[in-house]
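Sequences listed follow chains A and B, in order.
First residue of the first sequence? That's 8 in our numbering, and the numbers climb one at a time after it.
First residue of the second sequence? That's 52 in our numbering, and the numbers climb one at a time after it.
No lab work stands behind these hints: they were computed from the structure.
One thing to keep in mind: the hints can contain errors.
Some chain A residues close to chain B (C-beta under 8 Å, calculated; not the full set) [what the hints assert, rightly or not]:
| id | residue |
| --- | --- |
| 1 | Asp182 |
| 2 | Trp183 |
| 3 | Arg188 |
| 4 | His190 |
| 5 | Leu192 |
| 6 | Pro204 |
| 7 | Tyr280 |
| 8 | Glu281 |
For glycine and all other residues, C-beta sits at the position ideal for the given N, C-alpha and C.
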Amino acid sequence: MASLNARAMLVSLVILLVLGGLWEALNQPPPASKQLTEYELMMGAADQQARVPPPSKVLAHAWKELSNPFYDAGPNDKGIGIQLAYSLYRVITGFVAAALVAIPLGFVIGMSPLMHRALNPFIQVLRPISPLAWMPLALFVIRDSEQSAIFVIFICSIWPMLINTAFGVANVRSDWVNVARTHELSQLQTAFQVILPAAAPTILTGMRISIGIAWLVIVAAEMLVGGTGIGYYVWNEWNNLDLNSVIFSILMIGIIGMLLDMALGTVARLVEYEE
Amino acid sequence: MSKHFVRVEGLSKVYPSKQKDTVVFEDVNIGIDKGEFVCIIGHSGCGKSTILNVLAGLDEPTLGVVTMDEKEVSGPSLDRGVVFQNYSLLPWLNTLENVNFGVKARFRDWNSKQVAEHSSKFLAMVGLSEALTKKPSELSGGMRQRVSIARAFATSPKLLLLDEPFGALDALTRGVIQDELIKIWGETQQTVFMITHDVDEAILLADRILLMSNGPNARVAESVVIDIPRPRNRANIIEDPHYYKIRNHLVNFLINRSSDELPSADGEGGVTLSVNPARQEIFKKTNESIKAIAAN
Chain A
8 MASLNARAML
18 VSLVILLVLG
28 GLWEALNQPP
38 PASKQLTEYE
48 LMMGAADQQA
58 RVPPPSKVLA
68 HAWKELSNPF
78 YDAGPNDKGI
88 GIQLAYSLYR
98 VITGFVAAAL
108 VAIPLGFVIG
118 MSPLMHRALN
128 PFIQVLRPIS
138 PLAWMPLALF
148 VIRDSEQSAI
158 FVIFICSIWP
168 MLINTAFGVA
178 NVRSDWVNVA
188 RTHELSQLQT
198 AFQVILPAAA
208 PTILTGMRIS
218 IGIAWLVIVA
228 AEMLVGGTGI
238 GYYVWNEWNN
248 LDLNSVIFSI
258 LMIGIIGMLL
268 DMALGTVARL
278 VEYEE
Chain B
52 MSKHFVRVEG
62 LSKVYPSKQK
72 DTVVFEDVNI
82 GIDKGEFVCI
92 IGHSGCGKST
102 ILNVLAGLDE
112 PTLGVVTMDE
122 KEVSGPSLDR
132 GVVFQNYSLL
142 PWLNTLENVN
152 FGVKARFRDW
162 NSKQVAEHSS
172 KFLAMVGLSE
182 ALTKKPSELS
192 GGMRQRVSIA
202 RAFATSPKLL
212 LLDEPFGALD
222 ALTRGVIQDE
232 LIKIWGETQQ
242 TVFMITHDVD
252 EAILLADRIL
262 LMSNGPNARV
272 AESVVIDIPR
282 PRNRANIIED
292 PHYYKIRNHL
302 VNFLINRSSD
312 ELPSADGEGG
322 VTLSVNPARQ
332 EIFKKTNESI
342 KAIAAN
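Just chain A, with the same shape it has in the complex (with noise of 0.2 Å):
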């Protein structure tokens, strides 16, 4: 008997084959009904209706990008690897922003009840907002739209990450904080040597609810300001009718979001505790 994770696999590619196998039976041009004249065959005329690529030809497109990802052939031709990069480097600046902010203060929040009380009206009108709402005001205001898409990250990233570590920090045990009062830590050791550590795996999971959002609203955000990332090149190809690319960028963005959010599981794993 295989193991269990042999035999997941196993299923999982029996469930892709059959998968692309319907995708790509379905999608094969229908044989032509007669002999086209040489006019039709210039326009097109064979396919009357438009189709999504099979996979076969997605792969190999997706062969022909990875193969080569970070040529650059002028602003609206370049590699899928610049692209992701661009939105990566927008996503993490944001992120990390985010971070600076929100976990400090979520500490100042779960620690004080007072501050608890008096910010929690400003988070609940904040934060349902849609972060490219943001996006006029921020464009207004910072007048960069490499810097605006950043700031929406920014906006976006900054709740989860804000919520629980607020709750973390407000939800530690109050034996191990009796703990570091017999022991007379200060306020501060408290906070690192106490506090911090139990409510690491708390706070490590807003930022994986934050990296997972992020993700998503980049790529919409990049629709909107246009210029680079994989968000612009999913738009920009759609606009050129290469169905091939945005089915392959599609994927890309899959499988960058889902290495991100492995990346903080890591991080995550090492800051666990058992109790």
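Start from chain A and add chain B according to the hints.
For chain B alone, coordinates are given in the frame of chain A:
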């Protein structure tokens, strides 16, 4: 009143409410001498843990003062080490790091080598030299409590407070750790104040046992001196001629008399019992007074 090392005077705890204030305990007076091992026994809800938390500085009394070494106790301090029933180890630190945590807080100018040596010494005393790198989640309840005890002793507090340290342990483990506690206490001559539910445990460990009446309005009703000679251990203590006399007295108190309205003992006067022949007179007298009270 003589100069006790720790003095608890007129301590009360009241939880106010709109209808009727709940007085958990009132007018509690306790005196503990340096190097003395005092146990406190009482039914649940009599406020034993609150008294211990007040001594630790983690809780505030409604009335009364606690002084240690002529200084008023306010707020927690490294001079008063606490061992909690639920161990209170930091789960992200291993055994050695947990003890280091206490030692570093106590001896702030030590380097990490001195800290580790000191911690290892105390962990060896409780037989945990083999488990230094294990996390609390990998240890049994008994081993966790040993770590907690090692941490408390390693910070050499002036007063050690034990809040039912063996309450969550099975009887066999409890016995082994009790013996270790006696040993480590014998070596360090700590002043100890301990809460327990276990009469045998109290007799084995204590120099003096305080008996609390039931709450609300609980009081320290009696102070029983245990003068069974040391060193004691679980095997030889039951052979002592006074053992069952004391035990019966304690059990009788807990079952029959703890719910009566009893006056406060103030640690010195009041009701102080002893099985020492020299103090038999007091023993008789107080028994009569207790009967008289019970009859009312």
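The hints, checked one at a time:
For A:Asp182, the shortest C-beta to C-beta distance to chain B is roughly 4 Å, which falls under 8 Å, so the interface hint holds. Interface restraint check for A:Trp183: the shortest CB-CB distance to chain B comes to about 6 Å, inside 8 Å, so the restraint holds. About 4 Å separates the beta-carbon of A:Arg188 from the nearest beta-carbon of chain B, less than 8 Å, and the hint is met. At about 4 Å, the closest approach between the beta carbon of A:His190 and any beta carbon in chain B falls short of 8 Å, and the interface hint on this residue holds.
About 6 Å separates the beta-carbon of A:Leu192 from the nearest beta-carbon of chain B, less than 8 Å, and the hint is met. This hint holds: A:Pro204 has a C-beta 5 Å from the nearest C-beta of chain B, less than the 8 Å allowed. Taken as an interface hint, A:Tyr280 checks out: its beta carbon lies about 4 Å from the nearest beta carbon of chain B, inside 8 Å. The interface hint given for A:Glu281 holds, since its Cβ lies 4 Å from the closest Cβ of chain B, which is under the 8 Å cut-off.
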